[in-house]
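J.: So the protein lines, in turn, are chains A and B. Going left to right, the first sequence walks through residues 90 to 409 as our numbering numbers them. Going left to right, the second sequence walks through residues 51 to 385 as our numbering numbers them.
Keep in mind that the hints were calculated from the coordinates and are not lab data. Be careful, since some hints might not be right.
As the list claims (entries may be wrong) - Quick list of simulated restraints, FRET-style, between CB atoms: (1) S174/B <-> F248/A: 52 to 62 Å; (2) T231/A <-> Q242/B: 57 to 67 Å; (3) V237/B <-> T231/A: 51 to 61 Å.
Ideal placement from N, C-alpha and C gives every residue a C-beta, glycine not left out.
Okay, here's what each chain looks like letter by letter:
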Amino acid sequence: MWKFTVRRILIMIPQIILLSVLVFLMAKMMPGDALSGLIDPNIDAETIEAKREQLGLNDPWYVQYGDWVEGLFHGDLGQSFRFKMPVSELIGQRLANTFWLSLATLILIYAISIPLGIISGRYNDSWADQFITGYTYIGFATPLFIFALVMLWIFGFHFSWFPTGGSVAPGMEPGTFEYVMSKIQHLLLPAISMALIATVGTVQYLRNEIIDTKQKDFILTARAKGASESRVYNRHILRNSLLPIAAFFGYEITGLIGGTVFVETIFSYPGMGQLFLESITMRDYSVVTALVLLFGIATILGALLSDIILSLVDPRIRIK
Amino acid sequence: MSNQLLEIKNLKTSFRIKDNYYAAVDDLTLTVNKNEVLAIVGESGCGKSALAFSIMGLHNRAKIEGNILYKGQDIANMPASKLNKLRGKDMGMIFQDPLTALNPLMEVGEQIGEVLMLHNKSMSKTERVEKVIELLNKVGIPRAAHTFGQFPHELSGGMRQRVVIAMAIANEPELLIADEPTTALDVTIQSQILDLIKELKEDMHAGIIMITHDLGVVAEMADRVAVMYAGQIVEIADVQTLFSNPKHPYTRSLLNSVPNASETQSKLHVIQGIVPALQNLPRKGCRFSPRVPWVDKDAHEENPVLHEVTPGHFVRCTCYKEFQFPDESQGGATS
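Let's have the full structure, built from the sequences with the hints guiding it.
T.: See below:
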């Protein structure tokens, strides 16, 4: 088990290095640099060139990459030209917001998909199953950004049950109970919107797994032992069916990153997704680069998490 | 009467195909005695496993009619909650494919322990572990204590079948159903498993239903043999009678299809045609008649029933009287 985990973590290192090279090269390939564009046109070309030389922008790419990576290790992700502050500081504020939003969404995804998937799979072809399957088809067909807008309009504007923007009500003292409640209230609607759409894949997956496992031979063995129906489901079918769901957990995180970009923008929720989209439209490259790197690392970590969870629950993987 | 363990009366197990029910086991009557091995033989698709599953109540969506009396108690269509008191305790089942019959995520010891736990709630955990290790030893698994904590994928096919057998005999059932227990195993392992079942038979005194299409297994294991074709029993007799004096054309064809080591055979006998699909079974007349087309139509009974030829030897239909293989000279019908 430990061997497996350590080996799996070691595999991650070249993945992250490759990712950082790609992110860096793509940023370099974009036209212009920090000294072109929004620079006072009265500054003469020689001064700019001297500045370029001084900043190392004329060095070959691998030297620049080395400098960039060195900066990363010191927590230096560069400067945001739009906010005129270090990118690390800028992201730091929003990282927590996105983390809480994603966590709430993940909890909701499983809180919805596991019971629905179980009902749908156990009583397949019943009216309940048809109802749930119908929901999953609608969920698949609905784009998140449209659904989120509709949710915002209905529950935010029409009923005013939820705030329509921000991550906390203004004037709250951090650390107080009201502050936490306000935070939760602000992230609930975006989280619900995202979960309702993101969960449908998991519902169908679980349903199919249960239907599949129900027909396995070892289920007959369990019945022939005299195990009650509930025991057959809880001990034999469910565990085998939840396996791929657990394996999918890490990739669910990857999916969330895409979701937060839309949802945070629609709900004006100050998280990394919103920052990402804004930075792209404002050509704030240093922020975009840093965010792409972070999203990439989150994806790799998600895959790592998947593999570790799977190795914990599936003895067949543990051995290898 | 008191010797009867299982009495099956007019059992009809039907499956739904599109909108109709078709019987895979059709009006079958059979008894299994205590301390007896009854072999059920027949080709694939003739209803052997459907019969076994009906006895164990493992069919999901089949319609079951008739009676299955276990010690006088009708277990056909018994609700699962009641049947679960018998399954695993009074009745054990050995499955065909040991590779899929075990839960891949559970330690084998735990899987055997489960059947003990389900029927003996008062047993403590340590007692249970001891009993499982004893069972593993009994079915000939070396290093039983080590195997206890292994997962099915770590064991070979033969070892897994031993685990399945340990599970089936854990509560010393009075009726053991073995559904082609050696089909999925290679030949050397097959004989080991058969030896094991024989040994167990001797110390358990259980009634065993041995489902197989391997006549070698039948000759080695069985006390009585029922030959099934298309959901019906076509011949039933004790094992010596069946092998020395087979009557029904189907039985004779089956016996003739076995390669014979002592004689030089140029060609192996092949039964013409295949077992018809469930929905195409001829329900009227002799069901085997399409596969012996050279036999005169009048030789078959209109509604074939079992005739007692000698005491305990029953044959369905009258066609056996006139049946001979096409390549035989008149009167030379030997197997």
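J.: For every hint, state whether the structure bears it out.
T.: Verification of the supplied hints:
{"no.": "1", "hint": "S174/B <-> F248/A: 52 to 62 Å", "verdict": "58 Å, holds"}
{"no.": "2", "hint": "T231/A <-> Q242/B: 57 to 67 Å", "verdict": "59 Å, holds"}
{"no.": "3", "hint": "V237/B <-> T231/A: 51 to 61 Å", "verdict": "59 Å, holds"}
Violation of the numbered hints given earlier is absent; every hint is satisfied by the structure.
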